[in-house]
Structures are given as C-alpha cells and as structure tokens.
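Just need the whole structure built from these sequences, with the hints factored in.
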Amino acid sequence: MTAGTSEKLASMQKEQENALAAIAAAQTEEALEAVHVQYLGRKAFFGQVGKLLGSIPPEERPSAGKAFNDIKQALEEAYNKRATEIRLQAQNQRLSAEWLDLTLPAPGPRLGSLHPVTQIQNEIEDLFTSLGFAVLDGPEVETEYHNFDALNIPPEHPARDMQDTFWLADGHLLRTHTSPVQVRGMEKLGPPLRMIAPGRVFRNEEVDASHEHTFYQVEGMMVDRNVSVANLIYFMKTLLSAIFHRDVKVRLRPGYFPFVEPGFELDIQCLICGGPGCPVCKQSGWVELLPCGLVHPNVLRMSGIDPDEWGGFAFGLGLTRLAMMRYGIDDIRLFASGDLRFLRQF
Amino acid sequence: MVPGLKTSPQELLRLITMKTAECEGLERVNGDSVIEVDNKSLTHRPDLWGHHGMAREVAAITGNALRDPVSLDLLPRSPADIAIEIEDFALCPRYSALVFENVTVADSPAWLRERLESIGLNAINNIVDVTNYVMAELAQPMHAFDSGKLHGKTIFVRSARAGEGIAALNEETYQLRLSNLVIADAQGPIAIAGVIGGLDSAIGPETKRIVLESANFQAANVRKTSVALKLRTDASMRFEKSQDPVNTVRGLARALELLSQVSPGIRLVGGLADRKAEIQAPPPIALEVDWLIRKLGRALTASQVRAILESLEFGVSETAPGHFSVTVPSWRGTKDISIKDDLLEEVGRMVGYDSITLQAPLIESVVPPANPGRAYERRVRNMAAAQGFTEVHNYSFVNEDMLAAFGIDPCAHLQVSNPIASDQTLLRRSLVPGIRKNIIDNSRRFSSFRLFEIGREIHSRQSELPEEIPHFVAAMYEREGDGSASLFELKRLAECLMPGCDVQPASARPWEHPERAALVVWRDQPAGRLFELHPALGIEGRAGILDLDLAALERLDRGEKRYQPLRRFPTSAFDLSVVARLREPAGEIEKRLAAAAGDSLVAAEFVRAYAGPPLPEDHKSVSFRMTVGASDRTLSSDEVAAIRNRVIEAMRASGFDLRV
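Keeping their order, the protein sequence lines are chains H and P. Under the working numbering, the residue at position 190 of the first sequence is numbered 903, and the numbers go up by one with no gaps. Under the working numbering, the residue at position 646 of the second sequence is numbered 667, and the numbers go up by one with no gaps.
To be clear, the hints were calculated from the coordinates, so they are not data collected in a lab. Keep in mind that a hint or two might mislead.
DSBU-like cross-link-like pairs, simulated, lysine-lysine; straight-line CA separation at most 30 Å [said to hold, decoys possible]:
{"no.": "1", "chain 1": "P", "residue 1": "K61", "chain 2": "H", "residue 2": "K962"}
{"no.": "2", "chain 1": "P", "residue 1": "K40", "chain 2": "H", "residue 2": "K950"}
{"no.": "3", "chain 1": "P", "residue 1": "K361", "chain 2": "H", "residue 2": "K950"}
Label pairs and their calculated CB-CB ranges [as the list claims (entries may be wrong)]:
{"no.": "4", "chain 1": "P", "residue 1": "V388", "chain 2": "H", "residue 2": "L984", "range": "53 to 61 Å"}
{"no.": "5", "chain 1": "H", "residue 1": "L808", "chain 2": "P", "residue 2": "G394", "range": "52 to 60 Å"}
{"no.": "6", "chain 1": "H", "residue 1": "H924", "chain 2": "P", "residue 2": "G394", "range": "24 to 32 Å"}
{"no.": "7", "chain 1": "H", "residue 1": "N939", "chain 2": "P", "residue 2": "L540", "range": "53 to 61 Å"}
{"no.": "8", "chain 1": "P", "residue 1": "E581", "chain 2": "H", "residue 2": "P905", "range": "42 to 50 Å"}
{"no.": "9", "chain 1": "P", "residue 1": "E334", "chain 2": "H", "residue 2": "D1021", "range": "23 to 31 Å"}
{"no.": "10", "chain 1": "P", "residue 1": "V388", "chain 2": "H", "residue 2": "C991", "range": "50 to 58 Å"}
{"no.": "11", "chain 1": "P", "residue 1": "L540", "chain 2": "H", "residue 2": "R807", "range": "47 to 55 Å"}
{"no.": "12", "chain 1": "H", "residue 1": "L984", "chain 2": "P", "residue 2": "L379", "range": "17 to 25 Å"}
Heads up, the beta-carbon is just placed ideally off N, CA and C, and yes, glycines get one too.
Set out below in structure tokens:
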C-alpha cells in the first residue's frame, strides 16, 4: 500500500468517526437529515467515491473501494437506526402527551324515543300487516253519518250515550271511535277485505287517572265469503298471543254494539294471576279487553256490500289501554302530558 | 233470591254475564243478594229493564219454569170513567189508565220499602211505591195523578204548545218546546210524557182519588226530550229503549193487585181506559239451521235450536227440515229482534260462546295495499328519535288564551260546540302552541332538550270535512347560549329528511323571532318553516322550531331513484372570496356563484366568512370552494381559468367585490 493510500484510508476513518458522532448527537429528524446531507449527501465526503478513488493507484483501488463502501453502508445503517429511534421517541412523546379521560361524559344528543303509544301501534300495525291486513286512515273530524248512522246508530239511538261526543260548530264531530274507518274501508276497498285503522279518538269526558278525552284505538275488520265466530276467536287469540308474547286464553260473552250482530265482549285470562283471581282482574280471573262481533248486515248493506254473499268480523282494541297494561302505567293523563321524565322511559 | 232456584248467587252472576248481560257486582242487601247489571249492556233489551225479563233469561239459562206475576183477569171490564185523547199515535202508541177512589196514602209496608231500597229506589208512599215497584218488575213505567187536582175528565196526549211550561215532581220548572210530548188535562200539561210527572197533580197525604197511567211512548221522542231538558229519569231510560206497548195493561193489572194490598179499601172507578194504535205483530223470521252452523262455526241440531228459542218464548215452526219460521215475542220485537242475525245471537249465547272451538279461516293470501303516508310518518319518527328527539302527543284542542299568546285570531279555528273544559274550545290549526307548552313545562326541569310531535292540523272548509294536514314539529330548547346551534341542528334535521332542501329567509310571523325565521323549500315547493320562538312567548332561554308539512314532504319524496354513472375525469377547484354586506345571506351569494359558473359547476361549498380589517365596516368576506369539471374530459387550466374569470365578472357586474 502506498503512503498516499494509507493516508486516504486514515482520513476516511476519521470522517467515519465524525459522522457516527454527529448521527448519535442528532436529536430531531431535521438535525439527523442535516447530518445525512453533510456526510452522505451527493456533495459530501461519502457521496463522492470517484473523487477518492481517482487519487489511488489502480492496483489498490478495489480494496480501497471496498473499504469506502463498507464504511458508507455502516453509516447509512447508523443513520437509519437513529432515524427510527428519533421517530419512536417522538411518537412516544406524542402518545404520552395524549392521555385522554374516557370516563368523561360523551357530548352530543342521546337517542330520543318514540311515544309509548306509537311503539305499541307500530307493533300492532306490523303484526296485522304480516297477516295481510291493510292499514287505513280516517279523518279525526268525522261526519255524523260515518261515526254513527253508517254504524247502525241512528239519531236518538240510546247507544249514542255510550260515547260522549264532542260536537263541532260546522255540524261535524270528533270521532268517538275508529269504527268509522270500517265504513270508509268498505267503501274504498270493497269485499273481500282485511283492514285495521289505528288512530286518535275523542270522548267528551272529565279527565282523571283512568279517563281521558283523547286516546288511541285500533279498529280491525275482515270481510269475506264465510266468516264465523270460530274464525273471529282464532284471529283474536292469534293476535293477542303475539301482542302479549305468550299463549293467551280468550273468552267471548254477549256485548251490545249496534254495528255488530252478534256482539261480544272479549276477555283474556288475567295475565297477572293466570286465572285464580287477583286485584287486577277483580278476583274474576278474566280481564275485559276488547269489543268485537260479526259485522251487522245493515252496516255491510250501507257500505254497498251484500250481506247474503259476504260476512265479516270487526273488533276494536284500545291502544292506550294496551300501553298501560304493557308498561304498568297507572295514570292515563301521562300520555298527553309531554313530560320528558315520563316519555324518556320508553 | 228466587225461592226454588238452586243456583248460587255467584254462579248466577257468572251465568248472566256469560249469556245475557254484564254483571258488575254482587251485594248483600236486607238479607237478599243483589246482582248489579251494567246498564250499557242492556241498551238493546227493553225487557231486561224489569226483573221479570231477567227472570225469563234465568229460567232459560237454568232450565227452570218462569212464573208470571201478572194476572190480566183482574182488569175490570166496565166502561172507563175517563177519556183519553191521543194526538199522534206515532209518538204515543198506547195510553192505558185506571181510576181509583177511597185511596189511603201512607207509608208502604216494610217488604215493599225494602225491595225498592235494595235496588236503589227511594220509598215515598204506598201509591208511588207501587208504580215504582211495577216499573222495576215489568219495565213498565207508571204514573199516578191525584185525580182531585186534575181538570176535566179527559187525559190529552199531545205536543206542548207555545209558551207552555210545567213544574215537575223534582220541583224544577221546565219551559216546553213544541217537540215535547205532554200529558195534559183541560187546563194544561200535567206530565212530560215518558219523563216526569207534574208537581201540581202529585200524590199527597190528602189524595183520595187517583188516575193511574200506564202508557207507551216513542223511544226517539222521549230521548230527545230528556236530552233537551237534561233530565234523565228511571222512566225515560226505559222508554228510550223502545218498550213493548202490550205491556201497559200488564202493568195496570199488576198495580191493581198490589194497590189493594198496600192501600186497604181502595176501589176501582169504572173500567180500563185504553187507547192504542193497532199493534203490529213483528213478521216471522226465516231461519236455517245450516246458516246458524256456518255463522257460529259450531255443530248444532235443529232440536237444540228449537229448544233454545222456545225457552226464550219465541214461536218456532219448522217449515222444512232444518228450516224454521220464528215469531218474536212482543217484548223482543220493538227494536231488539227483527232479522235472523239477531236470532244467531240468541242461539249463540245460549249454547255458549265458550263451546265454539277456534278455527283458522280459509282466505286468500294477499299482500295488503301499502299506506305510503303512514310509512313516511314512521320514517320521520324514527329519524327524529335517532337524532335525539323525544316524541310527545299533544291534544288536538287549543283555546283562546293559547292563541292570544301567539297573536293568532281564533276565528279561523273550528269550534267545539259542547266543550266540558275551557281548554277544549277550538281545534288546532298548528301544532306549535302545544309544543310551546311542552317547552315551558319541561324547561322547569331540564336546561336543554329536544322533542317532536307528529299530529294533524285541522283547517275547516266550507261544508265538507275539514282538511287534516299531518305536521312534524321538532323543537330544541337551550336555557343558555345564543340559540344559533339549535337552529342549525334543526336545519341539519331538515336536510336529513329533505336532501338538498333550501332554507330561505322569510318575513316572520308574530310568534317567530323577526330575524330568525325562514321558509323551508324542497324541490321548489314550500315544505315548512324554521324559526326561533319569539321571546315574548314567555320562554326562559331559547327554543328553535322546525315545522314541516308531512303531506307535502311525502308527495315530494316520491321521486324514483336512478343510478348516475360515476365521474370518470378529475375535477378542478378554486376558491373565491366575495365581499358582501353583513346581512347578505350566504345562500344568496352561493346561488349567484352557481348561476355564474353554469353547467361546469360540480359543487360550490361554503368555506368561511370573515368580517374585520381590512374589510370596510358592515361588510364581510364569504369564501367558497368552487369545484368544476366535465363529464367527457378533464378541463384544461385555461378552461378552468375562463370559468373563474366568468364568475368573477358576473359577481362584479351584480355589485359584489371579490378578494382575488
């Protein structure tokens, strides 16, 4: 090895030591990058192998070139290692600074809620729809004809007393039941038909914990060629079992409603005591749930349906009452109170 | 209880409930069992307003024989001592009467008093008590006049005359209308027919001679009079159920027997006075056993059907095997039973509904018709609840006070003619007054909340039914803060329901904050309003309201969805800052920018607004990011620059400076 070559190699080693020291000393990505430029950049000592080798005799160039490349590679490795260290250090610093108290309350609105009667109503609509019943609407302000006369309750009929009526200045009235939608349904759909009509009804009554002047009902009706009392019992039992999520025992007894003949009160076996008697069922084992019956031929006829060819059953179910039973609500006034303490429970 | 009846009172109550009418309770009174029957379940059964009718049911149910307490043979056959004049037999199909003398008015014997008291009737004196007893037993209301206080010997049944009035037994005086039927003597009314007797001819201790009335009046007319006079009596309640005209003389015969027991020495004067229209027997009803079987869904034999009907005293003759001709007894024929469906009920209840086994109907399986309006309402409800709003139900009523707070004239509202409470006088034309009440009530307990209602506005129309428009009203309340967050949150909710809807500043209504009121427009149609409630409405804090017409929304929502091919060429964007007066709505600036950019515009997005130096006083700079592109190529930088220049020129031409 010539003296010149030894000298060159020595200065290479010297540069290497300086570079390693500088790499180790760099504390930030920027400082490290500057070191890289200083020692390993295109214009730096280790960026220019040609300049170095040019001054070395040709026979010594291979060994010198190898030494140069080894050093350069080692420096690049040191640089990469240091770069990773600095990134990790910075990341760890950021992470530890980002402690977050996840026990704090989450901002933003909570889920709202649907009115309990809406929830029951949705459930019942879905149930009946699945059995092929159309869901119909009728007006809340009704004609006297649809609310009474077409349901076989002519003027001066004492059955009008069963439903205290809000009369309006224009001669119409607030519907006292959802039954007028039966009539509208028959007029609209014609036989055969299956329909329900949920909605708001009105009774001109004093309000207390168990009486409201505004509440919700669902009316149901099926008209077909052969409809029997046995069919009515089948439907009622099927539906009520679905509503109450258990096998419900039902019984019919006579009940008078001018738009059905025969008319029934349908009782279900008390869901609280299961029959032996308790305060809820007044010790009878049964709870009166809904009026129903075979559609009166006069009602069919008034809606243009021939009662000799068609027959049907109809029923009315109190949605507000059902909601009270479902949720154990003991004061009917809460439903229209708008009180969020009540409504948010559902 | 009836001697000889082996059924226990509890069992009887159950049987009557299951087969006849709803019983509400059992009481022990004076050593007897009294079953209370729900009046409303007897609306169609005039015969059950007397114990004899109920006894007939019990006999049929238990298979016992029915004993008739009436013996018509007791009625005298001699000519009557008084005359009866009936003006209109439609209103009074029958009027029967007996005259008695040598009457002693005294307290009734204990058995009679106890009987009456046990069913809630007050004992008055022996004469009146007999009339009440017969009414309770046979459902035939009766009335006794003190004959010494009557004028003339003719009883008139006629319409009241103009200006006539009567002092009634309840010591009230009633002004009568022409539609009221009265019983009158030569001088004037002595009773309101079928409702109440007159005070002037009432039985008193001095009464020696009486006229005993047992009549039949038209149900509708009695009811009309009783409703008009707001006077419901034991008599009117019975007559309005359509009583049996055959029953009048039965009542007299029974009363005659009882009077001789409780008023010793009492003597008939003359015979029975009895005027009547010809009583039509109800026509027989054809009944097929097969039809009964089909309707009930239960097996029946012809002999079963016959036995049941005969136990209830129907006449049954078999015209062909399984075919009956059924005659209806007079007490069931006035209104209750006229068609075969009525007989279906008789057979059904007696054989027992609990003997019918449930049976699935054989019907077509069809998909029910859709109800898009209701489906849409449900979607809106679910969306509102998911965004944190709680559903309320408010009444359909409003009152003048509520409207006064809103500065709304009550005149346009449909009025309730017979409200029982002062807060039920008008029907709502807006859901907002109810929502305001919810806000006030809940603001006492919560500093911040969201609620909504879906309900119908009721707008009256000439002659036809009012228009009922479903509305969605959402409210956000904040006790603190400037209220803007609520309004923008409600605007976001509106955009969730109506993508691409437009909120346009609008002149405020009296209940709206004058600088915070807007019209919500969707697909060029008005859809509702967004506003803050006016501070004068008495809300501590601020409430934002979104009020949408759901019928309009549902109509506008119906557009069919079509796939648009995805954009294949990149778009370009540039920012523009428009200088405008402070109250120039950003939405207006955006519309101008969009119009100027033309077809190449993909989006114009608001970036920020700035007011302050170096802008002139009362001005702001509003920045938008304009994205432009073409569907068939990438726009060149020259084309983008041309669009930008065009927009800048157009904005300057309409008076806006741009910071470029």
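Here's how the hints hold up against the structure:
Restraint check: the Cα-Cα separation between K61(P) and K962(H) comes to about 25 Å, which is no more than 30 Å; the hinted pair holds. Among the hinted pairs, K40(P) with K950(H) is consistent with the structure: their alpha-carbon atoms are about 21 Å apart, no more than 30 Å. Annotation: proposed proximity of K361(P) to K950(H) holds, straight-line Cα distance about 27 Å (limit 30 Å). Judged by the Cβ atoms, the range 53 to 61 Å given for V388(P) and L984(H) is violated: they are separated by roughly 33 Å.
Roughly 55 Å separates the CB atoms of L808(H) and G394(P), a value that falls within the hinted 52 to 60 Å. At roughly 31 Å, the beta carbons of H924(H) and G394(P) sit within the given window of 24 to 32 Å. At about 56 Å, the CB distance of N939(H) to L540(P) agrees with the hint of 53 to 61 Å. About 32 Å separates the C-beta atoms of E581(P) and P905(H), a value inconsistent with the hinted range of 42 to 50 Å.
Taken as a hint, the range 23 to 31 Å holds for the pair E334(P) and D1021(H), whose Cβ atoms sit roughly 28 Å apart. Range check, V388(P) to C991(H): about 43 Å between beta-carbon atoms, so the 50 to 58 Å window is missed. In this structure the supplied range 47 to 55 Å holds for L540(P) paired with R807(H), their Cβ-Cβ distance being about 49 Å. For the pair L984(H) and L379(P), the beta carbons lie near 19 Å from each other, so the given range of 17 to 25 Å is met.
Going down the numbered hints, you'll see the structure goes against 4, 8 and 10, while the others check out.
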